[in-house]
Amino acid sequence: MEKIKSTILDIDYITHKNKPVIRLFAKEINNDKQREIIALDESFEPYIYILPSNDSKDIEKDLEEDFDIINLEWVIKKDFQIEKKILKAIFKHPQDVAKHRDSIRKLDSVKDIKEADIPFYRRYLIDNDIIPMDEVEFSGEFINSYETIKSKDKSLKILKLNKAPQKLQNKYQKFKILSFDLEVRNPNGMPNSSKDPIIMIGLASNFGFEKVISTKNKINSSNNSFIETVEDEKTMIERFVYYLKKHNVDIIVGYNSDNFDFPYIKERAKINNVELDLGVDGSGIKFIRRGYANAAAIKGLIHVDLYLVMRRYMALDRYTLERVYLELFGEEKIDVPGDRIWEFWDSDSDELDKLFDYSLDDVVSTIKIAEQILPLNLELTRIVGQPLFDLSRMATGQQAEWYLVKEAYKDNEVVPNKPAGIDLSNRDDNEGGYVKEPEVGLHENLVQFDFRSLYPSIIISKNISPDVLVLDDVENLSNYYVSPEHSYKFMKKPKGFIPSVIGNVLNERSKIKKQMRETDDETQKKSLDVQQQALKRLANTMYGIYGFSRFRWYSFECAQAITAWGREYIKDSMKKAEEYGFKTIYADTDGFYVKFDSN
DNA sequence: GTGAACCGGGG
DNA sequence: GTGTACGGTTCAC
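The numbering of the first sequence is our numbering, which starts it at 7 and goes up by one.
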């Protein structure tokens, strides 16, 4: 039996002999061998939870019929803190869940079904407490081949697991990141991948490698050492594939690469008859439907589209690469207008030379942005426990939700379903924080007050959580926190699910801040700082999950209660300050400015 | 005034 | 893939 320490980059499942097989794409990041590993787990089975109705005496008999359920088991799970006897139904294949869940839900003996919409690979990570981008220990046997893996790469190891991977101590890991960018010759409007050829492929990395592959070279041969001139577009694409494999890249980043670069190069590769077998298993680029947009996915090579990521981290009017770069680094990029690139290319003059510099500048800027933002995303990946590929495409609310799904599993709580068919049209938007418009003028001697993490603190101190919210009349009000304005009642005991999760997040953050103060190692300090930021973000997002109607823990009452208490706190504090002779100049949500009024 | 349609990023 | 974005603005009537 082999025992191998390795880092899980990605996960999916395949079907083998009609059964699902989990595939973990891993690499020996902290080991000189740097081998790529596909670990296979054939033992994991899809399941859902079934809540029996009041008339449930025939439930087991009902479920025996035609639902491809291979096993039924009574388990005890908490549903909003209340322990219940629930049926766990195990299926042969994840697709059987999709096929039968609606008919099962409609049975008279069934009240509701739960956790029937959690993707199989996410279920695997949650149930086995496996953290992507962290090191694990695999135990299993190497096998020579596996039907569905067609890689020609001899160094690839395929490992058949005989138990789930074991978590190891979290270690700092340096990933190899490469950015890429295409320039194309498009004289007629926007690029058309069936007609307009790729003229340059730019590559830059966090390990010293920089290159522009092109069919031309600079006219002036100075400063052109980064250029590799090849004979045709076909060779250009082949070299792109070659460098990605040669450098054993872990993460590939682009800017709008889900929508432009990857679809474009895939089409050009097809036209030029080049095999784009970038996947560890020998597969190509797949486009995964995410709503109306596609995400470009490569097996075992994590693709992060920074455009999507940056849109979430900055509030800008536009999110062009130029704009984002300027905002982050205060420097202008080399600019060539998109509609003139073909003219620069055709000019065979100084303008062509400028186009080469522009191409390099694009990928260098992209890698700089990646180095700035990926550490935070790697930390969030570890906290949330879902793959970086997925996490980088999630809204912050979704990140918080998957974190809660993971925590619910640990607490033996059943995960609430996504709200269905809530009519929001006759419901007012929740009133936000208190804002006092600033008094016009130049003010001196201002004093600033602000509440530290106002909303997370309120959630914890008032135990605001849907599982302890009571809407019926109660006998003894002193057992409840009662919200201002709407008088919602939250039980003082037990602690609500979400307040306890936020409490854990904030405690973890305090621990990390303490470690930060105690260490003199600058690299470690930086890494800890990123971790505490990630935890702060997560805590602050928990308020949002109450307010958006498509989230599992949606609760309009909780959202209202939080902001109502927030307004009360800030107004009370302003009033106190005014009693001491201060005058409020400006206030917004969690803080205000006052000045001493000498009159 | 209202709901449908479009747009972002990329060249 | 145990799935189907999103929020803001402009257009069309």
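Check each hint, because a few of them may be wrong.
If you anchor each label on the Cβ, the simulated ranges turn out as follows [said to hold, decoys possible]:
#, residue 1, residue 2, range
1, K581, D61, 20 to 28 Å
2, G439, T235, 52 to 60 Å
3, S145, K63, 31 to 39 Å
4, T235, P425, 26 to 34 Å
5, H449, N194, 56 to 64 Å
6, S49, D118, 26 to 34 Å
7, S231, K160, 29 to 37 Å
8, E445, Q521, 53 to 61 Å
9, H449, D118, 55 to 63 Å
10, H492, D345, 50 to 58 Å
Lysine-lysine pairs mimicking DSS-like chemistry, simulated, CA-CA at most 30 Å apart [as the list claims (entries may be wrong)]:
#, residue 1, residue 2
11, K499, K120
12, K105, K91
13, K173, K39
14, K180, K91
15, K11, K251
16, K542, K182
17, K94, K217
18, K177, K25
19, K158, K169
20, K25, K156
21, K374, K39
22, K166, K94
23, K272, K160
24, K105, K94
25, K23, K91
26, K11, K94
27, K156, K120
28, K252, K240
Don't read these hints as lab results, they were simulated from the structure.
Predicted model only: the values in this text are computed from it and were never measured.
Heads up, the beta-carbon is just placed ideally off N, CA and C, and yes, glycines get one too.
Original post:
What hints, given by number in increasing order, does this structure fail?
Top reply: When the structure is compared with the hints, numbers 1, 3, 4, 8, 14, 17, 18, 25, 26 and 27 turn out to be violated.
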